[in-house]
Amino acid sequence: MENILALETMKEGHDGSGLGLTLKNLGGEFVDLKKYPVLSGICSKDGKKLLDAFMKKQGFRLRHEWNPKIRPTKNIAQHDYYFARAYDYPAQYKDRPIKEKEELLMSTRIALRKIGEPGESIFAFSFYPDVITIKEVGDPLEVGEFFCLDKDTIKAKVIFAQGRQNTNYAIYLYACHPFFIQGYCSMTNGENTAFVPIREFLMSRGFQGYIGYNSDSEVFTHILHYTVRQLGFPLTYYKDVITPLKSSEIEQRPEREALRLIKQSLRPLCIDGPNMVIGFTPDGTCFMVQDAKKLRPGVVGGVRGKYALMSEECGVDSVVSKRDRTKDIFPMKYDMVVISPDAEEVGVWNQLQG
Amino acid sequence: MEPASGLKLDHNHQLSLKEFPYIIRWRDDRCKRCGKCTAVCPVKAIEPTVKVQRTVKSEGPVPTPVAVRSITHVVEQVMDMERYCTGCGTCTLVCPNEAIEPELNPVNKFLHYKNKGGDPYKRGGRRNDPSISTLDRLKFTRISMLTDPALDAGRHEFRIRSYIGRILSPEELPLKTEKGRLSVDKGADKFIPPVREIFPIMIGSMSIGALSPPMWEGLAMGIAYLNEVEGLPVVMCSGEGGMPSRLLRSKYLKYFIIQIASGYFGWDEIIHSLPHMVEDPAAIEIKYGQGAKPGDGGLLMAQKVLKLIAKIRGVPQFIDLSSPPTHQTKYSIEEAVAKMIQSMSMAWGFRVPVYPKISGSKTARAVLNNLARNPYAAALSIDGEDGGTGAAYNVSMDKMGHPIASNIRECYLDLVKQGKQNELPLIAAGGVGKKGNLAANAAALIMLGASAVSIGKYIMQTASDCFGDEYNRCNLCNTGKCPRGITTQDPKLYRRLDADRVAERVVEVFKAADVELRKIFAPMGRSTELPIGMSDGLSIDDKAMAEELGIDYAC
Numbered sequence: 001m002e003n004i005l006a007l008e009t010m011k012e013g014h015d016g017s018g019l020g021l022t023l024k025n026l027g028g029e030f031v032d033l034k035k036y037p038v039l040s041g042i043c044s045k046d047g048k049k050l051l052d053a054f055m056k057k058q059g060f061r062l063r064h065e066w067n068p069k070i071r072p073t074k075n076i077a078q079h080d081y082y083f084a085r086a087y088d089y090p091a092q093y094k095d096r097p098i099k100e101k102e103e104l105l106m107s108t109r110i111a112l113r114k115i116g117e118p119g120e121s122i123f124a125f126s127f128y129p130d131v132i133t134i135k136e137v138g139d140p141l142e143v144g145e146f147f148c149l150d151k152d153t154i155k156a157k158v159i160f161a162q163g164r165q166n167t168n169y170a171i172y173l174y175a176c177h178p179f180f181i182q183g184y185c186s187m188t189n190g191e192n193t194a195f196v197p198i199r200e201f202l203m204s205r206g207f208q209g210y211i212g213y214n215s216d217s218e219v220f221t222h223i224l225h226y227t228v229r230q231l232g233f234p235l236t237y238y239k240d241v242i243t244p245l246k247s248s249e250i251e252q253r254p255e256r257e258a259l260r261l262i263k264q265s266l267r268p269l270c271i272d273g274p275n276m277v278i279g280f281t282p283d284g285t286c287f288m289v290q291d292a293k294k295l296r297p298g299v300v301g302g303v304r305g306k307y308a309l310m311s312e313e314c315g316v317d318s319v320v321s322k323r324d325r326t327k328d329i330f331p332m333k334y335d336m337v338v339i340s341p342d343a344e345e346v347g348v349w350n351q352l353q354g
Numbered sequence: 001m002e003p004a005s006g007l008k009l010d011h012n013h014q015l016s017l018k019e020f021p022y023i024i025r026w027r028d029d030r031c032k033r034c035g036k037c038t039a040v041c042p043v044k045a046i047e048p049t050v051k052v053q054r055t056v057k058s059e060g061p062v063p064t065p066v067a068v069r070s071i072t073h074v075v076e077q078v079m080d081m082e083r084y085c086t087g088c089g090t091c092t093l094v095c096p097n098e099a100i101e102p103e104l105n106p107v108n109k110f111l112h113y114k115n116k117g118g119d120p121y122k123r124g125g126r127r128n129d130p131s132i133s134t135l136d137r138l139k140f141t142r143i144s145m146l147t148d149p150a151l152d153a154g155r156h157e158f159r160i161r162s163y164i165g166r167i168l169s170p171e172e173l174p175l176k177t178e179k180g181r182l183s184v185d186k187g188a189d190k191f192i193p194p195v196r197e198i199f200p201i202m203i204g205s206m207s208i209g210a211l212s213p214p215m216w217e218g219l220a221m222g223i224a225y226l227n228e229v230e231g232l233p234v235v236m237c238s239g240e241g242g243m244p245s246r247l248l249r250s251k252y253l254k255y256f257i258i259q260i261a262s263g264y265f266g267w268d269e270i271i272h273s274l275p276h277m278v279e280d281p282a283a284i285e286i287k288y289g290q291g292a293k294p295g296d297g298g299l300l301m302a303q304k305v306l307k308l309i310a311k312i313r314g315v316p317q318f319i320d321l322s323s324p325p326t327h328q329t330k331y332s333i334e335e336a337v338a339k340m341i342q343s344m345s346m347a348w349g350f351r352v353p354v355y356p357k358i359s360g361s362k363t364a365r366a367v368l369n370n371l372a373r374n375p376y377a378a379a380l381s382i383d384g385e386d387g388g389t390g391a392a393y394n395v396s397m398d399k400m401g402h403p404i405a406s407n408i409r410e411c412y413l414d415l416v417k418q419g420k421q422n423e424l425p426l427i428a429a430g431g432v433g434k435k436g437n438l439a440a441n442a443a444a445l446i447m448l449g450a451s452a453v454s455i456g457k458y459i460m461q462t463a464s465d466c467f468g469d470e471y472n473r474c475n476l477c478n479t480g481k482c483p484r485g486i487t488t489q490d491p492k493l494y495r496r497l498d499a500d501r502v503a504e505r506v507v508e509v510f511k512a513a514d515v516e517l518r519k520i521f522a523p524m525g526r527s528t529e530l531p532i533g534m535s536d537g538l539s540i541d542d543k544a545m546a547e548e549l550g551i552d553y554a555c
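Quick mapping for you: the protein sequence lines, in order, are chains A and B. Each residue of the first sequence is one higher than the one before, counting from 1 in the working numbering. Each residue of the second sequence is one higher than the one before, counting from 1 in the working numbering.
Isolated chain B (complex conformation):
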């Protein structure tokens, strides 16, 4: 209750603007008070307000200053940490006079305060670490020149392709020789696991539900176009949350990897569609972990569970959908992994590669070795700490996880020791294209031992202009208020996003990456197969990193 009189208001517990991560720079002289910025702000960090202004005016031939008090409209930043400015800059986009702009405040104390009610800070986005990642420090230093002619990226034939699926060791191949010709020995009764030829960069798991309808549709259309028209076999993972039944029953299903995670969302629809499928999916991914939030489950907040999502996922509307951190019905790595791989393989008659995805972790090698012994395991996908997410605790995103570079390298070298480096493909993810160097990061991971890489944030950024960055800009994916319309189910927001344009960008991105990969591989003398494990082509400017990765040091 306000004191009746005699006491000043206490400002002591009020935050100052300096504590906030972004400070709104608003220019009175440019603003025409149209109100677009305050209307569009996804977090209501700014609001129109009125102020009494005292101005001194002087009119007439001789100075006759007069103080005038007037009521004026201003745009003001709200001093409430629950409505902090995320720096997304939507206000700047809609302002007709360039009168408003959020400015990063590098000395902010945001994380000290963002836990009101004992509720830790949750957000979407990526790890807020703007430093240069290991992937961006790797250089391609073995250039073919005089001892041998470099290949010509424009003239020579290139096959930038990889495999997902368990590949038999040469010794295990059921082959027989008849009249100097090899043939498959059908009588050998040997299981030949399914293998798919793919473009080595794939779109990682982002669910319908996490993504808005035009975003997911745009990605899917782009993928279909790349395969059908451009001849680039790019595949995309559904994420946990199912797929529209129309797509499940279409011929385009073969370009999609269907994910199953601990919540099993969407699988009712998938199972019911099984008898009607005209194509097998590219693969099945079993999610055990995610780079952005290792050890934490998925969460689709109630405000994003609208009618369409509820139908696809087979759940009621407007309830929080949490996927537990672990698959609740399983209790051990041998049982969990083997049984699920077996079940999923069986559902499609052992015609579809089934592989697990885990977070980057020191324990990755234990999982790997388990899979190496399982003849039905089709690959291992490892998602490093720089992976993105739709919703997670800030602490999980920023502090949990393992960088992908050394994780993938140690796993690859472990396979080399066992002679299984070609049998179990490794898929690397987490921070690929963090600074925009998609092809270079992908090539570096391949040379460290990955068979393919997976991207998420990069494609959100480049195909749909996501505002997010490593300075905690925007990162509202979890709230359903994505100002770009990428991660929202609110039609008012997602109608801002044009699915056709997203698809067009997806196509452009992959075509460009294909050219860039050739530009990297050609001077290194690789063209017909990927340079998987060609670690002598790489160097880094840090001796400890070079030693850890088993590559050269160059400076």
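Chain A on its own, in the form it takes in the complex:
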């Protein structure tokens, strides 16, 4: 709820058309369920039957379920069933490597999405260990109260909250930030002018998970996933992919030869902003990155163990008011702010210097 209140302080910067929350490193009732994948979503009564039948058929066994308490309000059209369910892997997957498990979880989520899409009977937002996603259309504060998040015991160390639904396309639950795929998550402030070629490039990678794109910002998550998981690049190269340096600037970097190749081969993934991207990776590292012109605001502030990555400073004030404000970081166009897992330390990686 703290995060939603922070969103509220920044409400002049968003249109309050929806709320998306992604929680990672869960506590509360999920603290002992870390190795079990959690399926988050929404479904109708019919959808629930379909969901149960499908999951059973796939061999997933329900281990624990959390449903938010609902405090109905007239501004939010209530769905029948909101859930976060921890499952046991199917027996044959128990000892498989994590990569194979991830493929199974993703293909299951996509299958559920496809089953539920026609009549909007099932929305499946994420299916991954130690991650919960909650989304609903409406004013963020109202949505927070609607889910009784102010009273709930659900806890997490990494909390991503976004208070703006899709501006340029239809309001739709799948278009709501944050976006998640196989442990990688991001949310964005801005618009993606190069959406179509980026979408075409991702969709032509032959990777099943690169679908959806009800929001032009979803590609940022998939670029992150593609860069780090699929290509195996260290996280900082995400910046080099989405905002490549000029040729003359590349020459200053020690790995110039590799960067030249990356710039050419990943040319379709270059963004032109205006964008500020906040994301996390499976190990819990969080980051903030700007477009190459810094056309959107972004600030990182906090104390050891608790950092806030926000669009505006008033949001940081709301969450971590007792901090040394002189140490707040306003990343500029070459910067990538990286916060290590468990918010142990914060660092600024400069793209020019590498």
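If you're looking for bench data, these hints aren't it; they were derived computationally from the structure. Note that CB positions come from ideal geometry on N, CA and C, so glycine has one too. Mixed in with the good hints there might be a few duds.
These stretches of chain A come out as covered by chain B in the derived footprint (C-beta under 8 Å, 3 or more residues) [as the list claims (entries may be wrong)]:
# : region
1 : 201 to 213
2 : 242 to 250
Straight-line distance between alpha carbons at most 20 Å, and here's what the computed DMTMM-like set of lysine to aspartate or glutamate pairs gives [stated by the list, open to error]:
#  : chain 1 : residue 1 : chain 2 : residue 2
3  : B       : 109       : A       : 317
4  : A       : 294       : B       : 152
5  : B       : 251       : B       : 279
6  : B       : 18        : B       : 101
7  : B       : 251       : B       : 269
8  : B       : 519       : B       : 80
9  : B       : 176       : A       : 257
10 : B       : 179       : A       : 46
11 : B       : 190       : A       : 257
12 : A       : 246       : B       : 80
13 : B       : 44        : B       : 80
14 : B       : 186       : A       : 312
15 : A       : 114       : A       : 46
16 : A       : 333       : B       : 228
17 : B       : 311       : B       : 98
18 : A       : 246       : B       : 19
19 : A       : 114       : A       : 95
20 : B       : 122       : B       : 80
21 : B       : 179       : A       : 312
22 : A       : 246       : B       : 157
Chain B is faced by these chain A residues, among others (derived, beta-carbon under 8 Å) [as the list claims (entries may be wrong)]:
#  : residue
23 : 68
24 : 193
25 : 197
26 : 234
27 : 258
28 : 266
The hints should help you fit chain B onto chain A, whose structure is shown.
Chain B in isolation, oriented as in the chain A frame:
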């Protein structure tokens, strides 16, 4: 033999002026009979002649009309279809009194008659179709405004650059990670194809021989200046016919794409220069087809093969130089394309991108798919039906070929299906800048999927004031009688053209295009990379076209 007497002359088989494409409007009252117009006419369509004139004069205080017969000099249009007025208007340019001007005759029957001796009409120029092309109907309709700030073409940093060369897919990159840093894995033994960063508008293939020395030199000087002084990496293709050996051995070679076509003209000199080259060329273009005359070969007529041209091309003087329609030593797409790309790559130690150029065609996708599987193919250049030429049959120019817009789009989408849209750059040509909208046409093609565009006619027009248009004006490029001195080897004609001025115009054109491209891309929110395939930015006012191109319809 003339009848001895008693019979009238038969005018029945004589053409009337109405059959001619241009009619000379000559004004007796303004003409001072200097003779400049008749001397300068490249086709001798006008000639001085004498006529008996009967005038009635009256002098004195009371009317006393007297008929006076006098011999007078006039300028007359010749009524011979072999010497038809091409409408070039050189006569008007040289006339001191504005006494003469050719006028387009829209009801002419020129094509009915221009096949004397069974020889079909051959000409230079472009497709004679003055209608608005698809490229000119495309509009940029997605303007960033309130949902996101548009970029500022004047303030923000722009990189209007593209690549030619085969680009490895990200999955294929030979990279390794050491201490959180990527580096190229030299031990991977992976071939990294050569790639050049270029300005996305290039000058297409026009040969020395087709072009006059000052024209080619002017273009080349302009290109060198743009690269060396303005920092705009514009490249230019040599066309088939080689290059001067001095240029081949100079540091400026890196700004030129050398073309090899079916006649292999000039390649003796090129091969002999190889050991002396201090720079690699920008690329090698293998010409398999040309938009203006698909399926037809090249032809440099004997009258243009003068000493300089003969030397560069390695042939005797004054003989017709025809390049066959196909490469005669090759028999299949797999063999022809792969072998030539391989050979050319090998000649420069695999340091130079090698790509084929074909005519716009329904079969372009077949070629494309073949190239997509060939790791040495550096690009595909497709020349649409509106491309120009130095010499071709009229029927080839007007009726053969495929428009570039849908051809490039279907090829791009084919690559998207295979996930190779960034690996094999597409170069689009044919009608870019047809109505003068160079940057807009180029941007539209880029958004349809081209990585770069190539221009020919446009630069001839704008850098050297070519008379040609889509109403068959002038179009004498094939004859060696170009009145502007652009496509001739006759020193009397080409001395009219100032190479420095051509170079200056080339520089102006590209600098202006660079600004205009920013003006298009900025409001669409693109600045650091080209909007290749950004088709959501485009619309057209025709539903069928919109559907074919996979873009929006707007009206």
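Checked hints:
1. 201 to 213: holds (count 4)
2. 242 to 250: With 4 residues in contact (Cβ-Cβ under 8 Å with chain B), the coverage given for the region 242 to 250 of chain A holds.
3. B:109 / A:317: Status violated; Cα separation ~83 Å.
4. A:294 / B:152: The hint holds at about 13 Å.
5. B:251 / B:279: 6 Å, holds
6. B:18 / B:101: 16 Å, holds
7. B:251 / B:269: Since the Cα atoms of residue 251 (chain B) and residue 269 (chain B) sit roughly 17 Å apart, the hinted pair holds (cutoff 20 Å).
8. B:519 / B:80: 50 Å, violated
9. B:176 / A:257: Measuring from Cα to Cα gives roughly 12 Å; hence the hint holds.
10. B:179 / A:46: At roughly 52 Å apart (the allowed maximum being 20 Å), residue 46 (chain A) and residue 179 (chain B) break the hint.
11. B:190 / A:257: 14 Å, holds
12. A:246 / B:80: Outside the cut-off at roughly 62 Å; violated.
13. B:44 / B:80: 10 Å, holds
14. B:186 / A:312: 45 Å, violated
15. A:114 / A:46: Holds, at about 15 Å.
16. A:333 / B:228: Violated. Residue 333 (chain A) to residue 228 (chain B) sits at ~30 Å, over the 20 Å cutoff.
17. B:311 / B:98: Violated: residue 311 (chain B) and residue 98 (chain B) sit about 43 Å apart, past 20 Å.
18. A:246 / B:19: Distance ~60 Å between residue 246 (chain A) and residue 19 (chain B) Cα, so the pair is violated.
19. A:114 / A:95: 28 Å, violated
20. B:122 / B:80: 17 Å, holds
21. B:179 / A:312: 34 Å, violated
22. A:246 / B:157: 10 Å, holds
23. 68: Given a least distance of 31 Å, the restraint on residue 68 (chain A) is violated.
24. 193: 3 Å, holds
25. 197: Since chain B brings a Cβ to about 4 Å from residue 197 (chain A), closer than 8 Å, the hint holds.
26. 234: 5 Å, holds
27. 258: 4 Å, holds
28. 266: 6 Å, holds
Hint compliance for this structure: hints 3, 8, 10, 12, 14, 16, 17, 18, 19, 21 and 23 are broken, all remaining hints hold.
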